[in-house]
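J.: Given the coordinates of chain F, work out where chain E should sit on it, guided by the hints.
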Amino acid sequence: NAGVTQTPKFRILKIGQSMTLQCTQDMNHNYMYWYRQDPGMGLKLIYYSVGAGITDKGEVPNGYNVSRSTTEDFPLRLELAAPSQTSVYFCASSTWGGTGNTIYFGEGSWLTVV
Amino acid sequence: DAKTTQPPSMDCAEGRAANLPCNHSTISGNEYVYWYRQIHSQGPQYIIHGLKNNETNEMASLIITEDRKSSTLILPHATLRDTAVYYCIGTSGTYKYIFGTGTRLKVLA
Numbered sequence: 297n298a299g300v301t302q303t304p305k306f307r308i309l310k311i312g313q314s315m316t317l318q319c320t321q322d323m324n325h326n327y328m329y330w331y332r333q334d335p336g337m338g339l340k341l342i343y344y345s346v347g348a349g350i351t352d353k354g355e356v357p358n359g360y361n362v363s364r365s366t367t368e369d370f371p372l373r374l375e376l377a378a379p380s381q382t383s384v385y386f387c388a389s390s391t392w393g394g395t396g397n398t399i400y401f402g403e404g405s406w407l408t409v410v
Numbered sequence: 044d045a046k047t048t049q050p051p052s053m054d055c056a057e058g059r060a061a062n063l064p065c066n067h068s069t070i071s072g073n074e075y076v077y078w079y080r081q082i083h084s085q086g087p088q089y090i091i092h093g094l095k096n097n098e099t100n101e102m103a104s105l106i107i108t109e110d111r112k113s114s115t116l117i118l119p120h121a122t123l124r125d126t127a128v129y130y131c132i133g134t135s136g137t138y139k140y141i142f143g144t145g146t147r148l149k150v151l152a
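The listed protein sequences derive, respectively, from chains F and E. Residue numbering for the first sequence follows the numbering used here, starting at 297 and increasing by one per position. Residue numbering for the second sequence follows the numbering used here, starting at 44 and increasing by one per position.
Bound-form chain F, shown alone:
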């Protein structure tokens, strides 16, 4: 039972490069999220999706793009990486159970932009 799987776990990017953080979940959850967490800070919502083909911006979407072509996958694209995007990125998923829902998080992807 894998849950939420993120790849890669660690990555170093040069300024101006692009990359995609992959996220997949095997729980058939409708809702998926991307968060970033800077050192010593709380999590900030980047983008979220309520189902395949539907995405929306969170608190800090600038510099990122997402797509949701399947229920399972929710990749996060960084275009023109900047040092300010150095962070830990968490993907998460959830479903609605009528009496609230629980978010399940991946283990995180550590990204450094130099």
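Restricting the straight-line Cα-Cα distance to at most 25 angstroms, the calculated cross-link-like pairs of lysine to any residue (SDA-like) are: (1) 340(F) to 84(E); (2) 353(F) to 48(E); (3) 340(F) to 50(E); (4) 149(E) to 404(F); (5) 46(E) to 333(F); (6) 149(E) to 336(F).
Listed next, the stretches of chain F that the computed footprint assigns to chain E, with coverage defined by at least 3 CB atoms under 8 angstroms from CB atoms of chain E: (7) 333-344; (8) 381-391.
Partial list, computed: chain F residues near chain E (C-beta under 7 angstroms): (9) 396; (10) 398; (11) 399; (12) 401; (13) 402; (14) 403; (15) 404.
In case anyone wonders, no lab produced these hints; they're calculated from the structure. Given the structure is predicted, the values throughout are model-derived calculations rather than measurements. Even for Gly, the Cβ is constructed at its ideal location relative to N, Cα and C.
T.: Then chain E, alone, in the frame of chain F:
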């Protein structure tokens, strides 16, 4: 979604109850209160949630005031492994969980 306020840090002796407060004075009637914790830099872990009744599970108890403007997470017998950052979140949606800076709980031996 409700804005939540938590103390930045707390200490608790091992074996004692840890009581973590959260203020959510802007919460609306259909918003749930969720608690998560984050150990080191791992992904946050779900603890408990509630709407207006007190809740208990194998990890913790959640006490919500009658006016729903605040809540307290209780870890009945804190262990060293409970040292973590605890987040209180208020949300009515099934999305847009907004995390604050949380309470850094340190359990002391």
